[in-house]
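*Asks:* Chains E and F, in that order, are what the protein sequence lines are.
For the first sequence, our numbering gives the first residue as 1, with consecutive numbering after it.
For the second sequence, our numbering gives the first residue as 1001, with consecutive numbering after it.
Watch out, some of these pointers could steer you wrong.
Subject to a maximum C-alpha distance of 20 Å in a straight line, what follows is the list of computed EDC-like cross-link-like pairs (lysine to aspartate or glutamate) [unchecked claim]:
1. F/Lys-1444 with E/Glu-222
2. E/Lys-131 with F/Glu-1313
3. F/Lys-1353 with E/Glu-159
4. F/Lys-1353 with E/Glu-83
5. F/Lys-1353 with E/Asp-84
6. F/Lys-1315 with E/Glu-127
7. E/Lys-117 with F/Glu-1415
8. F/Lys-1310 with E/Glu-127
9. F/Lys-1443 with E/Glu-222
10. F/Lys-1315 with E/Asp-121
11. F/Lys-1353 with E/Glu-127
12. E/Lys-120 with E/Glu-149
13. F/Lys-1310 with E/Glu-83
14. E/Lys-120 with F/Glu-1313
Hints are computed from structural coordinates only; laboratory data are not their basis.
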Amino acid sequence: METALKKSELVARLRSDILSLQGFRAPALGVKHDDFGLGPVMKTFPEGVFPRVGMHEFVSNSPEQTAATSGFMAALAGKMMKEDGLCVWLGRHRTVYPFALSQFGVSPDRVIFVDLKKDKDLLWAIEEALKCDALSAVVGEIKELNLTESRRLQLTVEESRVTGLLHRVAPRLSNPVAAVCRWRISPLPGASDLVLPGIGFPRWQVTIEKVRSGEPGSWRLEFRDGSFELITESVSFHQYTAKAG
Amino acid sequence: MKRYVAIWFRHLLVDRVLLRQPELAGKPFALAAKERGRMLVKAASRDAQKLGIEAGMVLADARAVQPELEVLDYDPLLAEKLLLALAEWAIRYSPLVAVDLPDGLILDASGCAHLWGSETAYLKDIASRLKASGYDVRTAMADTIGAAWAVARYSRAFPIIEPGEQLSALLQLPPHALRLDAAVVEKMQKLGLYQIKSFIYMPPSVLRRRFGQGTLDQIGKALGNSQEAFEPVCPVEPYQERLSSLEPIRTATGIEIAIQKLLEMLCARLVKDGKGARQAVLRCYRIDGEIQQVAIGTSGPSCSASHMFKLFELKISSIEPALGIELFVMEAPVVEHLGNAQEALWDLSSANKMTAIAELLDRLTARAGADVIHRYLPAQHHWPERAITEAVSLTDQPQTDWRTDQHRPVQLLAEPERIIVSAPVPDYPPMLFRYKGDIHRIKKADGPSRIEQEWWISDGLHRDYYAVEDEQGGRYWIFRLGHYGEETNPEWFIHGFFA
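With the rest of the complex left out, here is chain E (with noise of 0.2 Å):
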């Protein structure tokens, strides 16, 4: 009984050693980790701790995925610069509105976007723009991306522990490439309710794929006031009128 026990302590030792080695911390006691309002999607993560030190890797198939991802992943650098951070954005054809970004809660003039031409410049871009400590995030948007060329963003981040978001936008093939996790953003339809007409916040189907060393899972999240709110199915119009008689 007892060195069954031992046992159990000394695999979660071992555990949380390994998930410190992969760049993962255990939160701290008495310390309050970031986890960017994202609340249900939390648990998804090992040790219920974002990831801040790794490659987030978002795949979009279609232009209104594509903005869906866009949106989200501005939210989530908004996070990630607070107040006073700087964020590069890298693309070859850059189609994303500063001036939208504003709406999620990030300041367009904290943004420096780089425009680039050739996919082998892009990849040298982000691989520079992950190494300055000095940013909070890096989003790029790329195309295709092999598992060397991934590796080599991951390692760069481990060492300069500035998280990098990289958007592949139709990749021909959605091979693996080695990211702490894999997000799919989807539009939602707004709320179905009659009583506010128009389109009203935006709505996405976030789905993390692949997490390592987490359980991968689906959640329907809404951008409301600044912060990710989930969905939970609320009383319709006709039932609220039905109810109340």
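Guided by the hints, dock chain F onto chain E, whose structure is given.
*Replies:* Frame of chain E, contents of chain F only:
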């Protein structure tokens, strides 16, 4: 004991013009400038002087004397610039050279003349070299600046005044030779004091009462009784470092080491002077006589060797060592003052951050060109393409807040793309639209919100924007261009995708 040499350029500006435009030789010409509403001759060539045209004449009078007079523009700063350049050249004769405006140089020749053999040879060398390069000069050497100045300009005697002989050299000269005020000289002329010897033996109290303390000072300076200020020119030393190699260097590693060493030397000097390089050029002299050159630029003054090395590292591959490089020369042709350290005291972290980011941007521009980096500031326009403007520098701050009350798409197409819609008139949102072959049925819509063209910027039709959502949840920003007309239907466009 001090020895001074005075050099007098008799026709400084005229000689310079002749050097630049040799075709003017032998023709009368003058340099003229506007002064108090009339053109005044500032300098006249020798041929013009022979005709009686002198500096200070009104140009119209000079033209009356010689209608074919060539008139050139007079640059008031040219004389000083020329003299500075000549002073820097004259450092070969003495480390201390001063400019003596408007038309002379003063050399502190103490202990220099023996290197040329004798004082005579020394002066001869100066005069002959200047004459060979086209300047008409007179030189003199004496114990004091005043005496040398006077002898160079007003004496026809042997120009080397033996130590202690200033007084006897000055006796025969006119009072002008003491560099007195024009009013004092005029007064002396009226009193019949045409030579220095006629008043120099007067008691100082008399001279002071008649001609002022200034006259006494000038006499003292010429005779060596009082000190005269001497301001030598300090030539700007270029930020340049050289590294010669014992054996020709052919490998990239060797070049790297050379660059590192040179940058360390250069940066040590820059740090000492509180400067930062904006540009750096590396020249590699190959043994076959070719010169390989690479250059870098930075977005802010930098004195960090490691940063500049990173910029050079990207360019090493473009250096062709061929048979080997025997000499490396690193130069910073453009330097700027570094921001003062005070700033760092109160804004330590953000200043460091900015430097790190500026260095990152330098690396990006060094590889991909300057037009790849963009940063945007808000602009006071509703028209979406004009609502942002590009920031010039990394530290530009927005003048106005970013507006969050306007709902704008996160993805904006560079050009609006045509879509086919079916929409009920007049102002309802479309029921469906077709974009790139897909039909989107619209479930929800916001709008219209009309954005007019700004007439003071450009003409064109207004846009009525709708934010619409289809049944899959895709959100689009579409607009109708202009009004519904009698015969024509307005065109519809898609302009962006909401998140």
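*Asks:* All the hints need checking, so say for each whether the structure fits it.
*Replies:* Hint check:
{"no.": "1", "hint": "F/Lys-1444 with E/Glu-222", "in the structure": "holds, 17 Å"}
{"no.": "2", "hint": "E/Lys-131 with F/Glu-1313", "in the structure": "holds, 16 Å"}
{"no.": "3", "hint": "F/Lys-1353 with E/Glu-159", "in the structure": "holds, 17 Å"}
{"no.": "4", "hint": "F/Lys-1353 with E/Glu-83", "in the structure": "holds, 14 Å"}
{"no.": "5", "hint": "F/Lys-1353 with E/Asp-84", "in the structure": "holds, 11 Å"}
{"no.": "6", "hint": "F/Lys-1315 with E/Glu-127", "in the structure": "holds, 18 Å"}
{"no.": "7", "hint": "E/Lys-117 with F/Glu-1415", "in the structure": "holds, 19 Å"}
{"no.": "8", "hint": "F/Lys-1310 with E/Glu-127", "in the structure": "holds, 14 Å"}
{"no.": "9", "hint": "F/Lys-1443 with E/Glu-222", "in the structure": "holds, 18 Å"}
{"no.": "10", "hint": "F/Lys-1315 with E/Asp-121", "in the structure": "holds, 15 Å"}
{"no.": "11", "hint": "F/Lys-1353 with E/Glu-127", "in the structure": "holds, 18 Å"}
{"no.": "12", "hint": "E/Lys-120 with E/Glu-149", "in the structure": "holds, 10 Å"}
{"no.": "13", "hint": "F/Lys-1310 with E/Glu-83", "in the structure": "violated, 31 Å"}
{"no.": "14", "hint": "E/Lys-120 with F/Glu-1313", "in the structure": "holds, 18 Å"}
Hint compliance for this structure: hint 13 is the single one not met.
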